[in-house]
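Once you've looked at the hints, dock chain Y against the given chain H.
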Amino acid sequence: MNTTSINFESFVEWDTNPFILFNNQEKILYLNNAAELLFGYVSKKELYDIAISYAPQSFGYKTTSLSLSYDSFSFHAITVGYENEEQISIRLYYTPRIKHTEKLETTKFITTDINILLEANIALFKTKNQNPLTLLTDQDLPPFKIDQNNFSKLLRKVLDTFRSSDSINISLKLLIGQHVIIDNKKEAIVQLSIQANGRYADTDNEIHNFAAQSHIKCILQEHSIKLEIPLIQE
Amino acid sequence: METFFTTSDKIQHIIKSFNLTKTLFVSSIIIGEAHTGKKSLARYLFPDTPLVSGENQEEVKAALENHDELIITDFEKLSNQNSLDFTNKRIIATANYMGNPQLIDTLFAFIYTMPPLKDRPDDIEYLKKLFIKEACSTLIIDKKEIDTDAIATNLTSNTESLKKSVYMHLMKHSLNATEIESILYEYLLKHLDGNDGYREFLGLYEKPLIKAGLKKFGSQLQLSQVLGINRNTLRKKIHEHNID
Chain H
1 MNTTSINFES FVEWDTNPFI LFNNQEKILY LNNAAELLFG YVSKKELYDI
51 AISYAPQSFG YKTTSLSLSY DSFSFHAITV GYENEEQISI RLYYTPRIKH
101 TEKLETTKFI TTDINILLEA NIALFKTKNQ NPLTLLTDQD LPPFKIDQNN
151 FSKLLRKVLD TFRSSDSINI SLKLLIGQHV IIDNKKEAIV QLSIQANGRY
201 ADTDNEIHNF AAQSHIKCIL QEHSIKLEIP LIQE
Chain Y
1 METFFTTSDK IQHIIKSFNL TKTLFVSSII IGEAHTGKKS LARYLFPDTP
51 LVSGENQEEV KAALENHDEL IITDFEKLSN QNSLDFTNKR IIATANYMGN
101 PQLIDTLFAF IYTMPPLKDR PDDIEYLKKL FIKEACSTLI IDKKEIDTDA
151 IATNLTSNTE SLKKSVYMHL MKHSLNATEI ESILYEYLLK HLDGNDGYRE
201 FLGLYEKPLI KAGLKKFGSQ LQLSQVLGIN RNTLRKKIHE HNID
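The listed protein sequences derive, respectively, from chains H and Y.
Quick note on numbering: the first sequence equals residues 1 to 234 in our numbering.
Quick note on numbering: the second sequence equals residues 1 to 244 in our numbering.
What the hints contain is simulated information worked out from the structure, not anything from laboratory work.
Accuracy of the hints is not assured; some may be wrong.
[Claimed, not checked] Subject to a maximum C-alpha distance of 30 Å in a straight line, what follows is the list of computed BS3-like cross-link-like pairs (lysine-lysine):
{"id": "1", "chain 1": "Y", "residue 1": "89", "chain 2": "H", "residue 2": "157"}
{"id": "2", "chain 1": "Y", "residue 1": "16", "chain 2": "H", "residue 2": "126"}
{"id": "3", "chain 1": "Y", "residue 1": "77", "chain 2": "H", "residue 2": "126"}
{"id": "4", "chain 1": "Y", "residue 1": "22", "chain 2": "H", "residue 2": "145"}
Quick caveat, the model's predicted, so the values are computed rather than measured.
For reference, chain H alone in the conformation it holds in the complex (with noise of 0.2 Å):
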């Protein structure tokens, strides 16, 4: 098969992985449909500083093993690449989702109100702190299937991290245009955030296994948690 007479050039477009390419005055000369959504939360320094560390000795193409995160996006490697002085390349590769092997438990869930859920719990938090805590909600959510006890103790240890934060903000959206696929079934996605100046990490563990078990991705920073539930209707 005679390969040069294909353009690859579209394909590195619609690839699902990020790819950018630099001159060497750290100008973006090039980059695909996924890198323009991921430099929403990274900027062209940190990635230009990233491909010039990880850049093979002497022209050529390197991958790297790492873990880097941006906001949701986390990656597992890279591949840094150049083939002249002026320009340089880098590539990175989307860690899979985490597939969930245990099977949903559907018969446990029950359609509910997630607002009322997450309103009661806040109402708890309030028992036990102070903290200053606004709350921004979308009251169209529709309702949807939930295993409401276990989503309960996830909101409480997701909460109870933010025991000694400053101004916790809370908001809770649907995931424009991102599903999730269960039990062969596309759903949408509900994003839970919650942030503040600081937080504890000491019950992430627990916090992961609660999750898990209602199929929910949950991103643990610093500052923040947020939880993407699937909005599952029947």
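Quick look at chain Y alone, frame taken from chain H:
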């Protein structure tokens, strides 16, 4: 409907949280000292829910099988806590103490702490008034005759000791001489024994007499005149009964 009075912010938040989760199938527990109103609160929020005590393990087991909604009191007394299954049930438990924190943590979604009465000054006033009203009607005492400020507020065991101190105070202030005599009669009937009874039990009369006299008249000299006994005799008796 029975009401639950409180001005405590903490309890208001507990009530709010319960009201929100009333229709959800979640497990909740209220933990706090004895006699702080945990059971009353659960009853107030869930007036028609079946109630079982953790003292009776078999009863709890049977109730869990038959009901989707259940109040379990004295949860700390249940010895089979780790075999309980609260899946898709609405459980409201109360406990005097945490017991095994890890187990409580896995069993319950909502863990509330009931503040002791001493941290709820407004609630103390309200309950005190309530108990006085109740006691006056029970003991048939005219409320106007009572100096409510003089009633000691004993909070060592929350509402229980508060109630007791109200009743005791009202009893003490409403007894007439005949009733006091009959109390002494019952007491002596029970305790009189040995070979030095007269001297031993005389204190029951002499001690309060001298104490009250000293409080009322200030000096021993004046009191001896009121009592019509010699000053030296009075002094001897004060010493004998260890009165300061």
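To see whether the hints hold, each was checked on the structure:
1. Y:89 to H:157: holds, 21 Å
2. Y:16 to H:126: holds, 11 Å
3. Y:77 to H:126: Answer holds: residue 77 (chain Y) to residue 126 (chain H) is near 28 Å, not above 30 Å.
4. Y:22 to H:145: holds, 17 Å
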